[in-house]
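Trainee: These protein sequence lines map, in sequence, to chains X and C. With the numbering used here as the guide, the letters of the first sequence map in order to residues 1 to 320. With the numbering used here as the guide, the letters of the second sequence map in order to residues 1001 to 1288.
Source of the hints: derived by calculation from the structure; they are not laboratory data. Keep in mind that a hint or two might mislead.
[To be verified] Simulated DEER-style distance windows between Cβ atoms:
#, chain 1, residue 1, chain 2, residue 2, range
1, X, H138, C, L1220, 23 to 29 Å
2, C, G1041, X, D20, 47 to 53 Å
3, C, I1253, X, R59, 48 to 54 Å
Positions of the beta carbon are idealized from the N, C-alpha and C atoms, including for glycine.
Spelled out from the first residue to the last, the chains are:
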Amino acid sequence: MTNALPPPVEVRGLVKRYGDLTAVAGVDITVNTGDVYGYLGPNGAGKTTSLRMMLGLIRPTEGSVRLFGRDPQESVRALEGVAGFVEAPTFYPYMSARRNLELLAAYDGADATSRIDRALQMVDLQGRQRDRVGAYSHGMRQRLGIAAALLRDPRLLLLDEPATGLDPAGMRDMRLLIRRLADEGMTVVLSSHLLTEVEEVCNRVAIVRSGRIVYEGTIAALARGAGTLYRLATTNDGRAEQVCAAQPGIEDVRREHGRLAFTADEAAAAELSRALVEAGVLIRELAPQTVTLEDLFFSLTEGDGAPSVPEDPEPLELAT
Amino acid sequence: MSAIALRRPRAAAPSRPGVGTVYRWELTKLRYQKRTYLGLGASILVPILFAVAIHFHHDRHHGGDFAFSGYLDRSGLAMPLVILLFGAIWMFPLITALVAGDIFASEDHNGTLKTVLTRSLERHELFAGKALVAATYAFVAILLDGSVAVIAGCIESGFNSLQSLSGTIVSAPKSLELVYVSLLVYLIPIAAIVCIGLLLSALTRNSAAAVVGTLMVSLLIQLIGILPGMSGSQPYLLSTQFSAWQGLLRTPIDWAPIIRAAWVCALYGLPCLAGAFLVFIRRDVAGG
C-alpha cells in the first residue's frame, strides 16, 4: 500500500473552448514537489488560460486540475497552500500597498496578517508600503504581487510571467527570489515567454503551442536534444543523402539551406563520415550545431517540431 | 529584494475568513472611494438646501399640493417626509446605484476579482459580503438624509406636531417616531433597487453602465405608471412602493400598502439578486 502524497499540480486532458476558439487543447502536465516548472510558450499559446483554470478562476471545458490532489473548481479550499497571480498582479489602486496586503491577509485567514512585514521586506517595498498602489510602477506591482502571494505561506507558487515588464535588474532580482523560494522547498510553476528566465530558474519545462504541450521534461533532456543536430555539405549531396538514409543512428535527414541536416549522436556521426568516404563522397563540411534552448523553442512553437539549422550558421567543426 | 526567510511554523488553527470579513473590508474600501462621499454628501446637502430654500421662500404660508408640503413651515418633521416623496424620483435610486452598481463592476475595472478569488474565500461569501455592503450604504444614506432633514427642518420650522393624512393631529414625539419608521419602510423599495444595481453590476461589469442602468430602470418603471391605460399596473410598480410609508401616517395605520410593498419589492428584488448571484458564481474570470 503506497502512501505517496499527490503531486502539487496534476493536469489531465485540460481543454478550454470559447465558442469556436480552442484556447487550451488537451494539456497534460505533472509538477512534482520541489520543481521549478517552466510553462513556456509564445503569446496566445494558452499559458494564462491554463493557469487561470489551475487557480479555479475559469472552468475547464474538459479535463481536470488537481492541486495537491484537490479540485480548485469544487472549493477554494483546494487553494490552501497555493498562491500566485495571473497576468499582472492587481490591487486596489486607491489604497496603500500595506492596506491591500492587510485586506488580502484578512481574506486568507488571521495568521497571514503576521506575515505582512516580512513579505514587504522580502520584496523591498517596506519603504513604500504607505504609498497608494495607483502610484506604483509596474515593477513595484510585480513585487507586491509576490508579497501578496507569500502571505499565504504557499507550498506551491503559480506565477504568470512574473518578470514581464521589469527592467534588467528587476528581472534578475525576480529570478533570484524565485530561486531562493525554490531552495526553501517551495514548488514553483512559472509561465513565461522569456527563455533566459526559464533556463536560469527552471529544472523542468513544458512547452506549449496553440494550446497543446509539444514538450515536457527536464531542461537537461531538452539540452541533450539540442546538441544532436548536424549539417553536412559534400561533393555529392544526392549520394550523401542515400548514405545517410541507410546509416544506423542517422535520423530526420532533410535538405535545409543547400545542405543536408540530420540528427545523430556523436558516434553515429563519426561512423557516417567513414561511410561517406567509403562511398566515394568527399565531405566539405560536417558540423554539429549547438542548438540553443531558444532554437528549440522556436522550432517547437513555430515549425514542424524538428529543430532546424540556422540559415547561415558559423561552422563549429569541419570534418573532411 | 532582500534575503529574508519568510516561511515560519504554521499557526495551529488559523481563523477562516467569511462573509463578515468581506463585509468589514468592503466598508473599508468604501472609505477610500470618492463615490461614497458623493452619495452621502448628497444625502446631507439636499435637506440643508431644502431648509435654506424654505427659509428664503417669500410665500411661506402656501398650502402645497402634495402630502405634508403645506406643513413645511409649521413643523420641521414634515421635511424628511417631503424629501422622501421627491427623492423617490431619482435621487435615492441614484445614491443607491452609486455603490450597488459599482460593487462588482469595479472589481472588473481594477482587475482585482482574480486577486480576491484566489484567496481563501468562496465566491458566495464574497457575493454576500458585497451585497450586504451595497444595502448598508443605501440604508445609511436614507437614514442620514432623514436625520439631517429632521434637524434642518426643526431648526427652520420647529419641533412641532404634524397633521396626519387622515386629518388628525399627531404629537411631535409621535411624529418623530413615525418619521423614522417611514424611513425604514422606505428601505423596502430601496432594497429592490439595490438588487437591480447588483444584477447590472455583475452583468455589465461596467460601473457607469450599471449605475446609469439602475437609474434608468427606476425611471422607466415610473414612466410605465404614467402611460395611458397602464393605471391598473400602478399598485404593482416598484415606483409606487416608494409611497408605502404613507400608510403609517393615516389614522388608524393602513398596513395594506406596506404589506404590498414587501411582496411587490420582493418580486422585483429577489429574481435580480438570484440572477446577480448566479452570474457572479458561474462566471469565468478571464479578465479581471
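Trainee: Please flag the earlier hints that this structure goes against, numbers listed from lowest up.
Mentor: 1
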